[in-house]
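Chain by chain, the residues run as shown.
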Amino acid sequence: MAIQQISVFVENQKGKLLGTVKTLAEAGINIRALSIADTKDFGILRLITSDNQKAMEVLSQDSVVNTTRVIAAKMEDEAGALYKVLQILSDAQINIEYIYAFAASDDFGAYVVLRVSDVNTAQEILNEHGVSTLDDKDIVEL
Amino acid sequence: MGKYFQPEIETASREQILAIQNEKIVKQVKHVYENVKYYRDLMDQKGVKPEDIQSVDDIKKLPFLTKADLREAYPYGLLGTDLKNCVRIQSTSGTTGKRVVAFYTQKDIDLWEECCARAIVAAGGTNEDVCQVCYGYGLFTGGPGLNGGSHKVGCLTLPMSSGNTDRQIQFMMDLNATILCCTPSYAAYIGETLAEKGYKPSDNKLKAGIFGAEPWTEEMRRSIEQSLGIKAYDIYGLTETSGPGVAFECDAQTGMHINEDHFYAEIIDPDTGEVLPEGSKGELVFTSLDKEGFPLLRYRTRDICVLTREKCPCGRTHVKMSKPMGRSDDMLIIRGVNVFPSQIETVLLNEGYTPNYQIIVDRVNNSDTLDINVEISPEQFSDIVAENQAKERKLEIAMRTMLGIGPKVHLVAPRTIVRSEGKAVRVIDRRKLHD
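Sequences listed follow chains E and H, in order.
Just so we're aligned: 58 in the numbering used here is position 58 of the first sequence, and the numbers increase by one with no gaps anywhere.
Just so we're aligned: 528 in the numbering used here is position 386 of the second sequence, and the numbers increase by one with no gaps anywhere.
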């Protein structure tokens, strides 16, 4: 369960991000969701792609990459939707390292990606509370 | 007090100095051979007997000692006398974290302090001066050496040690310090801080500064002299031979007089070990002529310089060495601290990193900066910012423990460190200290 996210170490230098994105484009990989965390020395590009296996293959040739399991939780299109999700996690004492959002097609709706301290428990608890989450095969079909 | 601390010896004729050296070396080699097994073995391997050394001309027959020997013989292997005769150790950092430990008898301390006293008097010091010593006190030789020299001259000594610049300035101004002893970069920093506080160079009572323990340029000298309103004197030394005061500058400011009655200096070709003729540029080698606790013979300093016997207007007759022009090994001197790239490599390997790194040394506002780029591997890389930063901090702490100074560590992508002809460029020194 949960989904695989790819993280890429991107140095704070001209053309580095461009090069990474170009690699994905040339391999015909579609980026479903992304976020970038930047520090003084480097950035961390976090990606969810249409074909993670292939993305890892092509990116690892020139970059430092690793993978992490993250949760993609569906957001209802209403006020308080994110609050509800975070409250569930908070009650379960699950810490969030970072969070970002993406919107898929109309049929699929909007999602938040959650990097949490305990991904399995978090997913179970969210599902118990009626929050639907994606798995890897959903991402391919998005 | 006059121009010299010990006028007879400091202005002795070449013949007198040679006579002193010849007498001392014969005794010293015999003593070392009989008391220091490590060196006796080296002499035996080379087939040299104490009787072969009849004058300083024969010193070239003796085997060299290097930092590697000091490491090998750590801690007692090069001790020249019973421990009960020793009263002090001083120490410096070594290549793999193992320190060099030097032993001193009371006589060694007295002679060392006399050498420092010669330096202070050469900078115009008398018993009416107030000498502020802001070299570090403790294992580092800077503070204890100049402190002892200042006592010998009879200056009122302010044993400040390093750091706490506000307090340094308060004592300097309130107690009318006239001579400042510290690293040149710290002197420059004090000058800047004084200006920031609104003091003019003429507001302080300083007349001279004795600065050493790290490389500095003529431009830096002029800038310190202007900012503090003083004359700045260079001083040279190393823990292996005693500490600061092995050589010191006079008011001619054209090189440092080596205290030749205690230290015999040679310039060698660092590749062949051959002694080079006077005036050649090469590696400086010292033989302690009368040290008891730690009597090193033919110790290779790795400092590249030139010796000159040109007549000095100050009247001193001892040979002068140029400012070190570089190193014959890869040692860097950063904020007065000896740093070897191998130490950094050791830390990286201990912490589970590959030894792919680059050291960048620069001088910003007259103070050295040390940055270390470390190539990250996929195993160490985290998607969480704080975890990567924690790795940088952990490396910084480990480096600080190993080196004695704190660097800034930056994680970089693999294969980003410049390689020339397949060999990584490990050190980029942007300080432009040498021609």
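Simulated from the structure, these hints should not be mistaken for laboratory data.
A portion of the hints provided could be inaccurate.
As the list claims (entries may be wrong) - Pairs of lysine-lysine residues, derived as DSS-like cross-links and limited to a Cα-Cα distance of at most 27 Å, are as follows: (1) E:16 with H:349; (2) H:536 with H:550; (3) E:40 with H:145; (4) H:145 with E:14; (5) H:349 with H:145.
As the list claims (entries may be wrong) - On the chain E side, residues computed to face chain H include the following (Cβ under 10 Å): (6) 74; (7) 83; (8) 93; (9) 94; (10) 102.
Note that beta-carbon positions come from the ideal geometry of N, C-alpha and C, so glycine has one too.
Do the hints match the structure? See the list:
1. Our distance criterion of 27 Å between C-alpha atoms is broken by residue 16 of chain E and residue 349 of chain H, whose separation comes to about 54 Å.
2. Annotation: proposed proximity of residue 536 of chain H to residue 550 of chain H holds, straight-line Cα distance about 11 Å (limit 27 Å).
3. Our distance criterion of 27 Å between C-alpha atoms is broken by residue 40 of chain E and residue 145 of chain H, whose separation comes to about 55 Å.
4. Only pairs whose Cα atoms come within 27 Å are accepted, and residue 145 of chain H paired with residue 14 of chain E is rejected, the gap being roughly 61 Å.
5. Simply put, residue 349 of chain H and residue 145 of chain H have alpha-carbon atoms about 15 Å apart, close enough for the 27 Å limit, and the pair holds.
6. The criterion of a C-beta within 10 Å of any C-beta in chain H is not met by residue 74 of chain E, whose closest approach is roughly 22 Å, and the hint is violated.
7. Interface restraint check for residue 83 of chain E: the shortest CB-CB distance to chain H comes to about 24 Å, outside 10 Å, so the restraint is violated.
8. Proximity of residue 93 of chain E to chain H is violated relative to the hint, the smallest CB-CB distance being about 19 Å (cut-off 10 Å).
9. Given hint, residue 94 of chain E at the interface with chain H, is violated; its Cβ is 15 Å from that chain's nearest Cβ, farther than 10 Å.
10. For residue 102 of chain E, the interface hint is violated, the least distance from its beta-carbon to any beta-carbon of chain H being 16 Å, above 10 Å.
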